[in-house]
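Student: Sequence:
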Amino acid sequence: MSLQWTLVASFLYIEIAFIILLLLPIISPTRWQSIFKSRLVAGLTSYARLYFNGILIALVFLLIDAIREITRHKTKSGQDQASMNMEQIKEFRAQRNFYISGTALILWFVLKRLIVLIQRLAQLNAENKAILKQAESASKTARDLMDASKKDEEKSKKNNSEIEQEVMKKQDEIKRLNKELEVTKLDLEAMKRQSENLAKEYDNLSGENSKLTRKLEQLEYQDQGETKKDN
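First residue of the sequence shown? That's 1 in full-length UniProt numbering, and the numbers climb one at a time after it.
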């Protein structure tokens, strides 16, 4: 087996071992999630897309090469026994390489999908725990509120008559304030009318004052003219 196919076979064995490890029930999804989020794994997963696509392309090329080798070394009629045996050996190796690369390619997708599902399961478990805590907290709060409501109900029964009296007082006060408000509105309207009348009277007085001022100016001008004639 050449070096490249030895590496592919080793990669296949690593995939199988890692998938078996992921499927072991002794390691919980939450534990796997903490491992995936560790500094070391986080540093590797920052280039996860590059790794995945690179390995995917390499496996696809190797699979195509294996198919090409199978087609190339198919046993043909008319060959001698030694040549046929050699071609069969090469064809067997090509088929072996095809199965290795194909299985590695399929398991690569399975491994990626399995990791995604484990992370999702860990996330759902965390959300489930959070929901349970919220439910317990809500239940405790509801019990406390029910107890407080019972106590408040007992107190309200005792203070019910006082509250009714206070409400009656407030209603009477509201009625009184409404009456005062109506009176105030009427006073404001009366003051508004008075203000308008005063404004009109002021305008009239201003006009008369202007007329008197002009008449005084004319009289002074006539007096000055007569004085000049006498001189």
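There could be a bad hint or two in this list.
[Unchecked claim] Dumping the calculated SDA-like pairs for lysine to any residue here, alpha-carbon to alpha-carbon at most 25 Å:
id	residue 1	residue 2
1	Lys150	Glu173
2	Lys175	Glu164
3	Lys112	Leu50
4	Lys90	Leu117
5	Lys140	Leu121
6	Lys112	Glu173
7	Lys112	Phe98
8	Lys215	Glu201
9	Lys90	Ile64
10	Lys151	Leu132
11	Lys179	Glu166
12	Lys158	Arg176
13	Lys185	Glu166
14	Lys112	Ile19
15	Lys158	Ala148
16	Lys90	Leu105
17	Lys133	Asp223
18	Lys37	Leu121
19	Lys215	Tyr202
20	Lys133	Ala122
[Said to hold, decoys possible] Cβ pair distances, simulated, as ranges:
id	residue 1	residue 2	range
21	Ile14	Leu50	15 to 25 Å
22	Arg96	Ile14	14 to 24 Å
23	Ala130	Phe109	25 to 35 Å
24	Lys133	Phe109	51 to 61 Å
Quick caveat, the hints were computed from the structure, so don't treat them as lab data.
Just so you know, these numbers come straight off a predicted model, no measurement behind them.
Glycine included, each C-beta is placed from N, C-alpha and C at the ideal position.
Student: Sort out which numbered hints this structure fails and list those numbers smallest first.
Tutor: 1, 4, 5, 6, 10, 12, 13, 17 and 24
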